[in-house]
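As a plain string of letters, each chain reads:
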Amino acid sequence: MLTRLIAFALLVVSTVLIATADSAAVAVTGAWARATPPGLDVSAAYFVIENRGAADRLTAVSSPVAGRAELHRTTTRDGMARMEHQHAVAVPPGRTEFAPGGLHVMLLGLEQPLRAGDRFPLTLEFERAGELTVEVSVRAAGGAGHGHGNGHGHSDGHGHGG
Amino acid sequence: MSPVGKNLLIAVGFVAFLIGLGLAALWPRGGDDLPQITGFVYPEPKTVSPFALTADDGSTFDRSDLEGRWTFVFFGYTHCPDVCPLTLAELAGVEQRLRQAGVAAETQHVFVSVDPQRDDPARLREYVRHFDPTFVGATGPEPVLRQLTRELGVLFDYPEGKEGANYEVAHSASIELFDPDGRLHAVFTAPHDAQTIAEDFRKIHRHWQQRRSRGA
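Chain order of the listed sequences is A and B.
Counting from 1, one number per residue, gives the positions in the first sequence under this note's numbering.
Counting from 1, one number per residue, gives the positions in the second sequence under this note's numbering.
Just so you know, these hints were derived from the structure itself, not from any lab.
Simulated restraints on C-beta separations:
| id | chain 1 | residue 1 | chain 2 | residue 2 | range |
| --- | --- | --- | --- | --- | --- |
| 1 | A | R119 | B | R212 | 49 to 55 Å |
| 2 | B | D62 | A | A54 | 55 to 61 Å |
| 3 | A | H85 | B | E142 | 20 to 26 Å |
| 4 | A | D78 | B | Q96 | 27 to 33 Å |
| 5 | B | R206 | A | P92 | 42 to 48 Å |
A virtual CB, placed ideally from N, CA and C, is assigned to each residue, including glycine.
Construct the complete structure from the given sequences, taking the supplied hints into account.
Right, here's the structure in full:
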C-alpha cells in the first residue's frame, strides 16, 4: 500500500515537473482580442509566443467564450487579402507573433459580445510544451493601432539554447 | 578615321545632346509630379460608370454621393475578423487626424460590403458606427458590386458553396480614394497606417488644389 502510494506520489511529482519544464520553454504574452461590433459573433485574438526551447508547433486553440477557435493566417497576395486556415503553426525557437494582418486566432460563435476591458481565457495546445492557458484582454476596435510600431527590435536575440 | 570625320562625329553627338536636353526640359514631367504616396495616384482620375448601391439608412448610394467631397472607400464584409476591423480602425484614425487638421468636413468614409447575403443595411449601420459615428455603410446586389469593383480594380471572391453562416470572403485590401468630382483619384495599398494615409491624403489634397488653381 505504502509503496504504491509513494510510487503514485513520485509519478505525480515527475509529471508536474516535466509539464512545468516543457511549458516553461514556451511563454505567451500580450494576448488581446478585438471588441466585437454589435450583432457579430466573430473576433480575432493576437499574442506573442516566446519559445526558449526546441522547435514546437501550435496545434489547437480553444476558449470557453467561443463555440470554435481556429488558427488562421491572413495573406495578402496581389493586393487581395485571404484567410487561410492553419492546421498547425510552426513555433521555432525565438519569437512568433500573432498580429493583425497576419497570424491570428479566429473566434467563432462567441457566446457573448466581447467588450473593451473584458478578459477571457484562451488555451493553446503545443505539440511539445503541452497546454497553456492565457488571459486575453479585450480592446476597443480602434485599439488595433496600439500594436503599430511596437515590438520591433524585440524580434531577434531570443533563441536561448534548446 | 580622318580628323574631319572625327570632328563631324563629335559635332553630331553634341547637337544630339542639345536636342535631348531640350526635349527633357519640354517633356511633360512624369504625370505632372504626382504626389508620392503608399499606393498610387492616377495621372488622370478615373470616371466610373453609374451604379446604385443601398446605403446603411436604406437610401440609394450612387455616383452622385461621391461628389462634392473626398471619399475613402473600403470593400470588405462584417464577418471578417482581421483585415476589415483593422482597416476600419485605421480609417477611424485617419478621420480623427483629418478632424484635428480641420479638413474632415471635406471627406467621408464608406465601407462597401461585398457580402450582401449576410450584410443588410441595418447590420452595416451598426457595424460601421462601431468604428466611427460618421462612417457610412453600403452594399448592393452581387452583379452591381462585380461591375463597380471591376472598374476600380478591386477584387472579391467567395468560397465554393457559401451557403453556411460561416464562410470567408477574399477581397482587396486596398483603400480607394475618390476626388470631389466623384472620380477614382488614388489607391492606398495595405498594410495601412492612419498617420501615413492622413499625410498622403494631405499631399494629394494640396496637389489637387494647386492643379485646380492653375486651371488644369
